[in-house]
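Now for the letters of each chain:
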Amino acid sequence: MTEKLAILWPEIFLFIATCLVMITGQWPSRAIRQFTPWICATALVLAFFAAMTSPATQGMFPAIVPYAKMIIAAVGLLILLLLSGTVDRQLELDVDNGKPFQSIRSNRGEFYAFFMFSLTGLMLTASADDLIWLFLALELTSLPTYIMVAVSREEDSSLEAAVKYFFLGALGAAIFLYGFAMLYGATGSTNLNEIAAVFASDGISSIGMIGMLIAVIGVSFKIAAVPMHFYTPDVYQGAASPVSAMLAFVPKTAGFLALMFLLGTVGWGSGLGGGHLPIEIEATLWIMAALTMTVGNILALLQSSVKRILAYSSIAHSGYMLVGIIAGPGSDGGAFYQNGLAAVLFYLFTYGVMTVGTFAVLASLEHRNGREADHIDDIRGICKSHPVLGWTFVITVLSTLGFPPLLGFIGKLGLFSAGISAGHYALIVVLGINSAIAACYYLRLVAVAYIDDTEKTKDPVYTTPFIMRPLAGVLSAGGVILFMVFSGPIVDGALNAASYVAPVPADHHDEHHAEEEPRTDEVALLED
Amino acid sequence: MMTSSLLNSMVSTVAAIAPDTAGNAAQPAAVGHGPSWVLLIPFLPFAGFLLNALYAAFGVKSKLPAWTTVGLLACSFIATLSMFMGYDGTPYTVQAFEWFSIHYGDKSFVANFSFYVDTLTIYWMLFVTGLATLIALYASEYMSHDVGQGYNRFFAAFALFVVSMSCLVMGDNLIMLYLGWEGVGLCSYLLIGYFYKKPSAVAAAKKAFIVNRIGDLGLALGVYLTFVHFGTVQYAELFASETLQSYMAAASHGDFGAIPGEAQWIALLLMIGAFGKSAQFPLYVWLPDAMEGPTPVSALIHAATMVTAGVYLIARMYPVFLVSENALPIVAWIGTITAFLAATIGMAQFDIKRIMAYSTVSQLGYMFAGLGFLTPTGGAYHVLTHAFFKALLFLCCGAVMHGFAGQLDLRKLSGLWKVKGWGIVSLGMLVGCINLAGVPFTAGYFSKDTILAEAFVTPGYAFLGWVLILTAGLTAYYTFRVFFRVFVGPVEYHPGDELHDHDHDHGHGEEHSHDAGQHGDHHADHFHPHAPGWAINTVLVVLTGCSILATGLYFVGADKDAHTKHYADTMVSASSASYHSHYGTHAFEYYEKDPEHYPQPGHGPRGSIDAPLAMPLTGGDPHKMMYYISGVVGVIGIALAWLLHYHGRTKASECKMDAIAKRFGPLPRWAENKWYVDELYHAIFVKPLRIISHVFHWVDKLLVDGIVNVFGFLPRVFAWIIRPSQSGVLQGYAVSMAGGLAILLFVVLIIVSRAGGAS
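Listed in order, the protein sequences are those of chains A and B. The numbering used here numbers the first residue of the first sequence as 1 and each following residue consecutively. The numbering used here numbers the first residue of the second sequence as 1 and each following residue consecutively.
Keep in mind the hints are simulated off the structure, nothing from the lab. Because the structure is a prediction, the values reported are computed rather than measured. All C-beta atoms in this analysis are idealised placements derived from N, C-alpha and C, irrespective of residue type, glycine included. Some clues are possibly wrong.
Pairwise CB distance ranges (calculated) [unchecked claim]:
#, chain 1, residue 1, chain 2, residue 2, range
1, A, 432, B, 717, 16 to 22 Å
2, A, 56, B, 249, 57 to 63 Å
3, B, 745, A, 96, 52 to 58 Å
4, B, 717, A, 163, 42 to 48 Å
Interface residues of chain A toward chain B, partial, derived using beta-carbon atoms under 7 Å [stated by the list, open to error]:
#, residue
5, 168
6, 234
7, 274
8, 284
9, 299
10, 384
Cut-off 35 Å, straight-line C-alpha distance, at most; resulting in silico cross-link-like pairs (DSBU-like, lysine-lysine) [what the hints assert, rightly or not]:
#, chain 1, residue 1, chain 2, residue 2
11, B, 63, B, 418
12, B, 61, B, 197
13, B, 353, A, 384
14, B, 61, A, 384
15, B, 63, A, 384
16, B, 198, A, 384
17, B, 420, B, 198
18, B, 418, A, 384
19, B, 651, A, 384
20, B, 353, B, 687
Please build the complete structure, drawing on both the sequences and the hints.
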């Protein structure tokens, strides 16, 4: 129990902050109310440093906790910059105009609290070693986001989006919980390491396999992969841009971590010569990956709403990252460009930074009546009218496209080369074609922002009064440039986090354990 | 590897990231690591570039960019000087950062951002940074009419040029050289097109860039082939590689058959690159047009430094050239042809800056001929002396242009020496001219002699030697034609047409305000030449001094142990450019011990290793005889110029030569029109290409675009088909999710059962 506690310090910090902001957010004194985001930020910084010192764990992914929680805290800080002010702006304006502050009518405290709850859930997902834990953590990640979507804007569309999201989310959760139950039925354990040991010693029974497939497909709701992707565009468009940015990063990260943990139990040692998932799972993921990329990209072609484009792009990116999951840790876990899991972990961070930057630009622009910028005409010519935002948009979108030499390119290159070294050539061809299709709508966004002139419309966009939102965008774009040049530490971190210890049969667990040790050392040596 | 850079990450696709192998890649023990302050030499000008760009961004409207650039370049020169003083005879490398470092299998591709310092590097960098500093100071005054955006832009490009040139000269591998090569090409383009509102300047900039593309293609292929054949692009590894050493051994016996053709091609490809950058026939056509740029640019880039990059490339890669049977003879022939052709064109031009441009092409021809005659020392020595006197000549021409409102026609200027304030310019011009003409005991005389003499020492080049001697006479003639027409004789001047030019008027508006209404009616009494100020004069005095003192370099710096005769010889011989060092540093000892199997040092691998050839016609050692022959030829050329262009001349526009020229029929006109080479190129290359490009344009538009559009259209069709799935109806989504799950499981079941059945 105590060793478990050692890796939970980040979650504990976040939880304490959650409790605090629920109180301070409703405080009658404005100074204290405005202190709320700072509490969240402090907790995230503390969580970041706590994660940095997290010890290695026992199990399949001994080193994943520090890296995963560090990128969660880092991207979480960026999202916090975006989120701050989303729901309290109108409220504080009313207070300025002489209305008394009524805590019963305000949900500002809850908004921050839900955000922190969601991040806590995400970090707990990274710590999970048990199906129950995993389920609870995934739901803790998702449930607050349903409410955040609902309250982020005072419009019917966001309520509609929230309802859809909630019901479909519940259906998704039901599906993977069903899969979890079958896994338990097949192996008699909810502990992932024990399940892995049973699979390793007795082989995978049919009920276990079906359970695994259903669980994998269910969890893919979180990453918005086909066939669980339908909600994405409606929800992204219905939510306020800051919340959309959060949805693009938080559930996706949770989903991929969960996928890694689930698939870790069956391992990547099947197939001729090893290096493959069991064929049933590989075929499922293969189809899902190919469909997800293709559907995401080609539907994005027709959109005129920037948020919908980004939503479909988010679907497509899940498809790309599934390639890394299929490729697995590779034959030589020490090489970043052969390790699909490292590529996924790196890409999650990359994608988080880029997508927050793009949404930050949208969140920083609004019409005179307070309506958010969304239509593609709203960003026409912003490089000239709002140079800072415009360039942020261009850099982050180009990076999302994977334009060399930006950060997104390095991430995508990792996925490509991992897929190639694992021998999935057909899938890489699909990935290549999809990248080309994706270029079509990303370059359209860039062209609209950079080349086109601002049209004299009746309803032009203005910068929002939140300085934090452009700041989040600029930080993201800066991150894209900075980590492009100094990608080394993050690549090394992802590589280290992706080190995977294949499960050993349960019967011989104790004997084999001694033999396992030098193997981990070898991996460590390769990484140095 | 905390600083593993972007490119490192990008290109390591197939490579394990192996940080520990990068630092200590197998390098010969002879190459040590140098002090890191050497990095200041390129980085100080780079800081200058950044600052100037910043000034441009903030719209600085003062001379700040000039002083920044001059100051930083001066510091860079001082750093170079310290590098020279502190050099202890062993080459070393200094790494700025890891750039490319890919290891695959047992091979590797390493090209770091590091600098290789040996005597050749120091030799080149000394005059590059020194002249850059002086010319930046000159430009501070020369460009003063453009203070504001143009001034910032000028000095930003100027500083960037020095950075690129440093990369080119100091890089420790061919990739760095290529980077610098393209960098100087870019800066050259930017600065030729500096007056971008002038169509001729834009055309000249484009011409320079495009003609250089042809050469650069050769260079790129050469670099590529070097890597393919030798497995490295780093100089130190390349020169120490056993493959190259074995080729050198074979070449030293004239056994070129033993060397693979691939290795011999490297030199030929690199040579094409050198021809482009150094304006050799047939790629020389861009350089005369490049004079559209501001004169300081012509002086620094298009006379003293950038155009010598080709000489540097060949000198640096001399071992590779030595193992190619045909490369050096071609270099010798092309150099000679260029020297002669450009001199004949220069004789018939009337624009003094253009004369200097053709003279530069001609002198570069001498340098290439020197390389071809197996005397890289001669080539490099001429580079140095030429850099000083040609920069001086250009700056003098620039002062004239600056002071006489853009007038450069030698038929409209005369007797400037007697005009008040033009003494320093005229003196500088005289010193430059006697150097260029090869008047005895000038620096230009000694360096040219080194090349000429070697033509008669190295077997097979005597004919080229005579052509070059004739060219030396022509050079003396056209050089002093300028001097006798413009600087002495009766005082007469007509201003150029820049008085109407608003860009130029900006600085001199008050001075010439009374001219404003008198279009086309500028007589000498209305026009007051604008004598150069302190900055221009200071630089001219310093450069005049340098050109005179450069003579002294012939008498100092000899190294008895290394059998070298003077400074340039010592510097070049101690580097990769020295061929005797490549037949073993102890070539002399070998020769003394076993003359049958070793070439005589100084006479190369190709011909007789008997006693030095005697000078044809006169006999005697060519090294000694050449002092007399070239001296006499030079004096004859000057005398002719005196007779035809000064003696009895009363007007600026008329002289005795006019009558004589008529007797030559159309020849002078053809020469004035540059032998119609531009027209020829236009007919042979430009027009057919234009026609082909129209054809391809339509093929592209109709066929290729059509196919591409169909493929671009397909995803949209699919999108239309599947779009209804995003209906927005909650029940529909839920059914689709559940249905999708079921279908997916079903499909997987089929796949698995088929796979199971098959196996």
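Comparing the hints with the structure gives:
Under the hint 16 to 22 Å, the C-beta atoms of residue 432/A and residue 717/B, about 20 Å apart, fit the expected range. Our hint of 57 to 63 Å for residue 56/A and residue 249/B holds, since their Cβ atoms are close to 58 Å apart. Against the hinted window of 52 to 58 Å, the Cβ-Cβ separation of residue 745/B and residue 96/A comes to about 57 Å, which satisfies the hint. Distance hint check: the CB atoms of residue 717/B and residue 163/A are about 33 Å apart, inconsistent with the given range 42 to 48 Å.
Nearest Cβ of chain B to the Cβ of residue 168/A: about 6 Å, under the 7 Å cut. The hint holds. Interface restraint check for residue 234/A: the shortest CB-CB distance to chain B comes to about 6 Å, inside 7 Å, so the restraint holds. Against a cut-off of 7 Å between C-beta atoms, the interface hint on residue 274/A is violated, since the closest Cβ of chain B lies about 16 Å away. With its C-beta approaching chain B no nearer than about 5 Å, residue 284/A sits inside the 7 Å limit, and its interface hint holds.
Annotation: residue 299/A was flagged as interfacial toward chain B, and the flag holds, the nearest CB pair being 6 Å apart, inside 7 Å. A least Cβ separation of about 17 Å between residue 384/A and chain B goes past the 7 Å threshold, and the interface hint is therefore violated. For a cut-off of 35 Å, the pair hint linking residue 63/B to residue 418/B stands: about 32 Å separates their Cα positions. With a CA separation close to 20 Å, the supplied pair residue 61/B and residue 197/B stays within the 35 Å bound.
Taking the CA atoms of residue 353/B and residue 384/A, the gap is near 43 Å; set against the 35 Å cutoff, the hint is violated. The straight-line distance between the Cα atoms of residue 61/B and residue 384/A is roughly 25 Å, inside the 35 Å bound, and the hint therefore holds. Using a Cα cut-off of 35 Å, the hinted pair residue 63/B and residue 384/A holds, with the two alpha carbons roughly 30 Å apart. Proximity of residue 198/B to residue 384/A is assessed by CA-CA distance (about 28 Å); at most 35 Å being required, the pair is judged to hold.
Straight-line distance between C-alpha atoms of residue 420/B and residue 198/B comes to about 32 Å, which keeps the hinted pair within the 35 Å bound. In summary, the hint linking residue 418/B to residue 384/A is not supported, as the alpha carbons are separated by about 57 Å, beyond the 35 Å threshold. Between residue 651/B and residue 384/A the alpha-carbon distance is near 59 Å, which puts this suggested pair outside the 35 Å criterion. Of the pairs offered as hints, the one joining residue 353/B and residue 687/B holds, with about 29 Å between alpha carbons and a cut-off of 35 Å not exceeded.
Of the numbered hints given earlier, the model fails hints 4, 7, 10, 13, 18 and 19; all others are met.
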